[in-house]
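> First to last, the protein sequences are chains A and B.
With the working numbering as the guide, the letters of the first sequence map in order to residues 16 to 183.
With the working numbering as the guide, the letters of the second sequence map in order to residues 2 to 216.
By construction, these hints were calculated from the structure, which means they are not laboratory data.
Positions of the beta carbon are idealized from the N, C-alpha and C atoms, including for glycine.
Do not rely on the hints blindly, as some may be mistaken.
What the hints assert, rightly or not - Derived DMTMM-like pairs: lysine to aspartate or glutamate, alpha-carbon spacing no greater than 25 angstroms straight-line:
1. A:98 x B:58
2. A:108 x A:50
3. B:180 x B:42
4. A:171 x B:42
Said to hold, decoys possible - Footprint (simulated), chain B over chain A, 3 or more residues, beta carbon under 8 angstroms:
5. 61-71
6. 103-112
7. 135-147
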Amino acid sequence: MKRRIKLIVGISVLLLIIILCFKINTRMNINRRIERSAQLLPSFKFLTLDNVVFSTKDLKKYNQKVIINFFSPSCEHCQYMAKQYLKNKELLKGVTILMITISDSNELAKFNKDYQLKFVNNIILLRDTKFQFFNIFETTTVPSFFVYKNKILVHKIIGETKIENLLN
Amino acid sequence: MFYRNLNELNIKLLFILVSLLYLTLAFLTNTFLFTKQFYFEVFANKFTGDRITEMIEYSNKLIWVGYFCIPLFLILKLLIIALILFTGLEFGGYRIKYSLVLKIVILAESMMILMAFSKFTYLLYFKSTDFEILKNFYPFSLISLFQIKSIPYYFVYPLQLFNLFEVGYWIILVFLIKKTICVTFLDSFKVIASSYGISMFVWILFVMFIQLQFS
Numbered sequence: 016m017k018r019r020i021k022l023i024v025g026i027s028v029l030l031l032i033i034i035l036c037f038k039i040n041t042r043m044n045i046n047r048r049i050e051r052s053a054q055l056l057p058s059f060k061f062l063t064l065d066n067v068v069f070s071t072k073d074l075k076k077y078n079q080k081v082i083i084n085f086f087s088p089s090c091e092h093c094q095y096m097a098k099q100y101l102k103n104k105e106l107l108k109g110v111t112i113l114m115i116t117i118s119d120s121n122e123l124a125k126f127n128k129d130y131q132l133k134f135v136n137n138i139i140l141l142r143d144t145k146f147q148f149f150n151i152f153e154t155t156t157v158p159s160f161f162v163y164k165n166k167i168l169v170h171k172i173i174g175e176t177k178i179e180n181l182l183n
Numbered sequence: 002m003f004y005r006n007l008n009e010l011n012i013k014l015l016f017i018l019v020s021l022l023y024l025t026l027a028f029l030t031n032t033f034l035f036t037k038q039f040y041f042e043v044f045a046n047k048f049t050g051d052r053i054t055e056m057i058e059y060s061n062k063l064i065w066v067g068y069f070c071i072p073l074f075l076i077l078k079l080l081i082i083a084l085i086l087f088t089g090l091e092f093g094g095y096r097i098k099y100s101l102v103l104k105i106v107i108l109a110e111s112m113m114i115l116m117a118f119s120k121f122t123y124l125l126y127f128k129s130t131d132f133e134i135l136k137n138f139y140p141f142s143l144i145s146l147f148q149i150k151s152i153p154y155y156f157v158y159p160l161q162l163f164n165l166f167e168v169g170y171w172i173i174l175v176f177l178i179k180k181t182i183c184v185t186f187l188d189s190f191k192v193i194a195s196s197y198g199i200s201m202f203v204w205i206l207f208v209m210f211i212q213l214q215f216s
């Protein structure tokens, strides 16, 4: 009986190790690929507040410097960053900020209203309805920032930061 | 003789002593290391002054929660490690009481206290203002051989775990088990490696998996 239990435990542990190793290896390969592809502004499609598709092509109309800010309306650090955008709107004039969230449109609309983001002209609020952000940018941490200049990644900042760090 | 000595040790007293040592270390860290100046120096590049002040106030509010959690997490950790070792011993055909294994695990914890103390001492005297270095610093570990910023985030934890104190921890466990069940050093090592060692390996894989999935 003890021998059988030992065998079952041994096989279970071995299986667990194999599964974990396989999963880790797969994820590491995906992450490496994402990291490489995120070095240049990747193509994406998200929805605006009015449910219109916004893609990388639409960025042509905007500035050369783009900040992609993944956020959640309920995250305190993201709310702080929204206040900072409003406060520093003059500094941010030459930059396009894409604020992307997986939250629903009602929450996003409330966030837009509460933090008066309509007064910051260059902010575009987007919804990631298909949960693609992680597969494009390799993070689910909020807030996170990807700063692109001429489509080349110049900064990747995870977590709250100063506005200056996004601009320099 | 050794078995009798170990049997006579009061498990509650041992646990209280270890908890008190950890609590003292936490108090010293909060008082002498995590000062206002420390916060401002470390986070000056990342946050504005107002946010740093808010952060200090917030962490001051939660300081007692931190102290309260120390013995709770400690007992959980000790019970789990003792259970793993106990299972390994049972599977190896050695009869030993769980309470004795728990005492061995508590005694071996002294190595982890030493590690925490050396970490505190290092950070106190060799002040660094780089948050990434402070966050990932682990004394006498493999990570010290690498530039932290050049390592993928999922390799940081495994490299931290391979350190001299962990080696010391293994030596204490092997020695105490050897003395308690009267086997050779090698047999005792086999028991530790096949139970604690494998569990540690699974744990490292699990942490890496979680970090990769939810980073």
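> Return the numbers of the hints above that this structure violates; sort them in rising order.
2, 3, 5, 6, 7
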